[in-house]
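So the sequences go chain by chain: A and B.
For the first sequence, my numbering gives the first residue as 1, with consecutive numbering after it.
For the second sequence, my numbering gives the first residue as 1, with consecutive numbering after it.
I should point out that these hints are in silico values taken from the structure, not numbers from a laboratory.
None of these values were measured; they are calculated from a predicted model.
It cannot be assumed that every hint is accurate.
Identical chains blur together in the list; that is why a pair holds if it fits in one copy or across any two.
[What the hints assert, rightly or not] Straight-line distance between alpha carbons at most 25 Å, and here's what the computed SDA-like set of lysine to any residue pairs gives:
{"no.": "1", "residue 1": "Lys-242", "residue 2": "Val-394"}
{"no.": "2", "residue 1": "Lys-242", "residue 2": "Leu-274"}
{"no.": "3", "residue 1": "Lys-387", "residue 2": "Ala-236"}
{"no.": "4", "residue 1": "Lys-242", "residue 2": "Thr-173"}
{"no.": "5", "residue 1": "Lys-152", "residue 2": "Gly-15"}
{"no.": "6", "residue 1": "Lys-242", "residue 2": "Gly-261"}
{"no.": "7", "residue 1": "Lys-8", "residue 2": "His-98"}
{"no.": "8", "residue 1": "Lys-152", "residue 2": "Asp-31"}
{"no.": "9", "residue 1": "Lys-8", "residue 2": "Pro-332"}
{"no.": "10", "residue 1": "Lys-152", "residue 2": "Gly-307"}
{"no.": "11", "residue 1": "Lys-152", "residue 2": "Arg-325"}
{"no.": "12", "residue 1": "Lys-52", "residue 2": "Thr-64"}
{"no.": "13", "residue 1": "Lys-242", "residue 2": "Pro-273"}
{"no.": "14", "residue 1": "Lys-242", "residue 2": "His-276"}
{"no.": "15", "residue 1": "Lys-152", "residue 2": "Glu-41"}
{"no.": "16", "residue 1": "Lys-152", "residue 2": "Gly-37"}
{"no.": "17", "residue 1": "Lys-52", "residue 2": "Val-364"}
{"no.": "18", "residue 1": "Lys-387", "residue 2": "Ser-280"}
{"no.": "19", "residue 1": "Lys-242", "residue 2": "Thr-174"}
{"no.": "20", "residue 1": "Lys-152", "residue 2": "Pro-58"}
{"no.": "21", "residue 1": "Lys-414", "residue 2": "Ser-401"}
{"no.": "22", "residue 1": "Lys-8", "residue 2": "Lys-152"}
{"no.": "23", "residue 1": "Lys-152", "residue 2": "Gly-306"}
{"no.": "24", "residue 1": "Lys-414", "residue 2": "Ser-392"}
There are 2 protein chains.
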Amino acid sequence: MMRTRPLKVALLGCGVVGSEVARIMTTHADDLAARIGAPVELAGVAVRRPGKVREGVPAELVTTDATALVKRGDIDVVVEVIGGIEPARTLITTAFEHGASVVSANKALLAQDGAALHAAAEAHGKDLYYEAAVAGAIPLIRPLRESLAGDKVNRVLGIVNGTTNFILDKMDTTGAGYQEALDEATALGYAEADPTADVEGFDAAAKAAILAGIAFHTRVRLDDVHREGMTEVTAADFASAKQMGRTIKLLAICERAEDGGSVTARVHPAMIPLTHPLASVRGAYNAVFVESDAAGQLMFYGPGAGGSPTASAVLGDLVAVCRNRLSGTTGPGESAYAALPVSPMGDVVTRYHISLDVADKPGVLAQVATVFAEHGVSIDTVRQQGKDGEASLVIVTHRASDAALGGTVEALRKLDTVRGVASIMRVEGE
Amino acid sequence: MMRTRPLKVALLGCGVVGSEVARIMTTHADDLAARIGAPVELAGVAVRRPGKVREGVPAELVTTDATALVKRGDIDVVVEVIGGIEPARTLITTAFEHGASVVSANKALLAQDGAALHAAAEAHGKDLYYEAAVAGAIPLIRPLRESLAGDKVNRVLGIVNGTTNFILDKMDTTGAGYQEALDEATALGYAEADPTADVEGFDAAAKAAILAGIAFHTRVRLDDVHREGMTEVTAADFASAKQMGRTIKLLAICERAEDGGSVTARVHPAMIPLTHPLASVRGAYNAVFVESDAAGQLMFYGPGAGGSPTASAVLGDLVAVCRNRLSGTTGPGESAYAALPVSPMGDVVTRYHISLDVADKPGVLAQVATVFAEHGVSIDTVRQQGKDGEASLVIVTHRASDAALGGTVEALRKLDTVRGVASIMRVEGE
Chain A
1 MMRTRPLKVA LLGCGVVGSE VARIMTTHAD DLAARIGAPV ELAGVAVRRP
51 GKVREGVPAE LVTTDATALV KRGDIDVVVE VIGGIEPART LITTAFEHGA
101 SVVSANKALL AQDGAALHAA AEAHGKDLYY EAAVAGAIPL IRPLRESLAG
151 DKVNRVLGIV NGTTNFILDK MDTTGAGYQE ALDEATALGY AEADPTADVE
201 GFDAAAKAAI LAGIAFHTRV RLDDVHREGM TEVTAADFAS AKQMGRTIKL
251 LAICERAEDG GSVTARVHPA MIPLTHPLAS VRGAYNAVFV ESDAAGQLMF
301 YGPGAGGSPT ASAVLGDLVA VCRNRLSGTT GPGESAYAAL PVSPMGDVVT
351 RYHISLDVAD KPGVLAQVAT VFAEHGVSID TVRQQGKDGE ASLVIVTHRA
401 SDAALGGTVE ALRKLDTVRG VASIMRVEGE
Chain B
1 MMRTRPLKVA LLGCGVVGSE VARIMTTHAD DLAARIGAPV ELAGVAVRRP
51 GKVREGVPAE LVTTDATALV KRGDIDVVVE VIGGIEPART LITTAFEHGA
101 SVVSANKALL AQDGAALHAA AEAHGKDLYY EAAVAGAIPL IRPLRESLAG
151 DKVNRVLGIV NGTTNFILDK MDTTGAGYQE ALDEATALGY AEADPTADVE
201 GFDAAAKAAI LAGIAFHTRV RLDDVHREGM TEVTAADFAS AKQMGRTIKL
251 LAICERAEDG GSVTARVHPA MIPLTHPLAS VRGAYNAVFV ESDAAGQLMF
301 YGPGAGGSPT ASAVLGDLVA VCRNRLSGTT GPGESAYAAL PVSPMGDVVT
351 RYHISLDVAD KPGVLAQVAT VFAEHGVSID TVRQQGKDGE ASLVIVTHRA
401 SDAALGGTVE ALRKLDTVRG VASIMRVEGE
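Excised from the complex, chain A in its bound form (with noise of 0.2 Å):
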């Protein structure tokens, strides 16, 4: 059964990732050449400095010239663990035109350019993979484009980035605030110097994007994906929350409208219950909760980010990208038939958490409870605190649409009576 040409892989990237990639397809040789049919071989390493030394890669195989070895031609797949947009979507594309396939882990240009690399890729006959741009090792576009391809996805309320779960971890276990909580993950490594990027949801979003394109069969842009991040998240907000027997997650959330006619997509924090599957995911953990129709409630888990965990992913798909290629067929393109359109965050309808510094006198609750009726959102519970005459009110509403709570807020704003608006925050997964 066993054929003895071997499959040619081009790396482009050889960072925490792509040496894994490469150091797996040296040890494990005889593994993947069984599971695939035919040996793979390490064709080509393309890397910004060469001088580096990569342990397990042969001095040989190692190029500057990425565009180089993406045209050299006898290519049959090309792994992409560079990151970023430019120079990895032009090789891509060129990958695609010199007859190669592509395996990639790169989430920001998948949520960018998802659309028009899957046409690049099936304008050639070529498969486009990318189960590790999302959550890392988890399997989980795979489930979603396959498993689940006989079923309707509703909802996916995902823990997609790692650096926030662990700062929130931390500040929920410890009490600490975010800055402090936000030191230690940099001091541990699991935050970059510059956090920009996981703690204002920019990677989340791109996550998103991904998921709700994916899961809705809808192409999704990393534009129509709403997004906050958590730096505003305390340790006053933890507290309220464990006070109703909520903690706070920072969720990408993509949503199927109740009338099934248009999609939402968006990242910010949110209260979710204790009971909650996400609740109990902890650390640099990510999850991803997926409600559909049939299936019903379905949870994937796992380590989201680092080279191992991110290496297996890509080495799942570059045995699939193989087998494919080796049957001379590709597997599930993009997905867009259904082409909802993506509504506007003021669309989404969700609960809301409010915190309220007003004036400890009587009569106040009368008028931020009309400010609320007036607005058509309906009050689930109100907590209400004094101290020092302050007064703090707590309140959670029903489900409510983000332009009427945003218009109530803007309200409740102008009341004499309310100091300041503390805190904002979104309960789902209820």
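Since the structure of chain A is provided, determine the placement of chain B on it from the hints.
Frame of chain A; chain B shown alone:
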């Protein structure tokens, strides 16, 4: 892109799962056609009792002659949801002989005859898919077979039977005994009138055989799986587990030996730490925890049974098989190239929680500890409790082989001072 000739599907069995498959094939016909690239048509439904009203299944499609249906020659995919060994086995092989691929939800058959069925599929160039056979809607077989195809799986630890998880969860949360919890499970429809297959671990053992085979690329038959039921688990065991920060689950455990040279598969109740992700799997839910070299720790969670969830898995397979058929290829078949030996239970190495009733007098602990030492089983912790002249000793060991532990217990039973061995339970997931 859309081919107009529909793919023809024959459905064998129209019970809880089959009727749901038929319903979704009708209500979601357009989605399925878009995802497959061609319409799919229900061409025939084989049932035992043709008179039963089946909503949404046209009467003219119903037949009692399953053999004639699979022999028709124009059937593209046979969906087998009858269960049991015969006639399912003969119908599936007949289907391959007459040109159809097969999607099955039949765990018992796959566990017993998976190798022969895979060989038949391969001989005829057809697909055999069975995601629904293990853990219902949870995508598990596809992730293990495909997503982790570039990784090395070392351990699979799963709650793969919803009935027993419901019973154990009830005992855990309410303090109920086994019989009381079973009665409630029966009343609520979670347990069958004869719960033997569930509570004695037969159902989980079939799934363990299938999972071990796929995870280790090795044939593992039902007979290779060590099986212990959970009918002996007591409220006292839960109390003892709780004192040590653990709970009790019925687990299917598939392991690669530390030297990599052999594998084991087993089903038995086990104590796991409350902090383990499997500990918070409640009610009738299933979850499977996978440990691999590169990906690390992954978990897949969801409903493990029921008509709709199982139908979701069947339809995901149906889409994949139809797509393969359209592109003239087949998906990954059996992968048994590693052909590792399956070791007996005595070779399994784990930790143990042993509860002894002993005489409450000096020197007993020394005697007991000597027996452990003589058998090379090292003790981690001992807890001693006196009650009315008798005492109980709760001992947790370090890692030891099942054979060594068995020898230890046999010797303990011979001690005059040991009145009885109240319980022995393995400790996993630490």
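### Message
If the cut is 25 Å between Cα atoms, do Lys-242 and Thr-173 qualify within a copy, between copies, both or neither?
### Response
Both: 11 Å inside a chain and 21 Å across chains, each within 25 Å.
### Task
Using 25 Å as the alpha carbon limit, work out where Lys-152 and Gly-306 are close: within a copy, between copies, both or neither.
between (32 Å within a copy, 17 Å between copies)
#### Entry: Intra- versus inter-subunit Cα pairing at 25 Å for Lys-414 with Ser-392
within (17 Å within a copy, 68 Å between copies)
### Task
At 25 Å max between alpha carbons, let me know whether Lys-152 reaches Asp-31 within a copy, between copies, both or neither.
between (36 Å within a copy, 9 Å between copies)
### Query
Between copies, within a copy, both or neither: which fits Lys-52 and Val-364 at Cα up to 25 Å?
neither (66 Å within a copy, 64 Å between copies)
### Query
For the identical chains here, do Lys-52 and Thr-64 meet the 25 Å Cα criterion within one copy, between copies, both, or neither?
Only inside one copy: Lys-52 and Thr-64 sit 12 Å apart there, 70 Å across copies, limit 25 Å.
#### Entry: 25 Å Cα threshold - placement of His-276 relative to Lys-242
Answer is both; intra-copy 14 Å and inter-copy 22 Å each pass.
### Query
Using 25 Å as the alpha-carbon threshold, which applies to Lys-152 and Gly-307: within, between, both, or neither?
between (33 Å within a copy, 15 Å between copies)
### Query
Are the CA atoms of Lys-242 and Val-394 at most 25 Å apart within a copy, between copies, both, or neither?
Within. Shortest intra-copy distance 13 Å satisfies the 25 Å Cα cut-off; inter-copy 36 Å does not.
### Query
How would you classify Lys-152 and Gly-37 at a CA-CA limit of 25 Å: within, between, both, or neither?
Close across copies (17 Å), not inside one copy (34 Å); limit 25 Å.
### Message
I want to check one pair: Lys-152 and Arg-325. Are their C-alpha atoms no more than 25 Å apart within a copy, between two copies, both, or neither?
### Response
between (30 Å within a copy, 23 Å between copies)
### Task
Measure nothing new, just compare the shortest in-copy and cross-copy C-alpha distances for Lys-8 and Lys-152 to 25 Å and report within, between, both or neither.
Between copies only: 22 Å across chains, 38 Å inside a chain, cut-off 25 Å.
Of the numbered hints listed earlier, those contradicted by the structure are 6, 17, 18.
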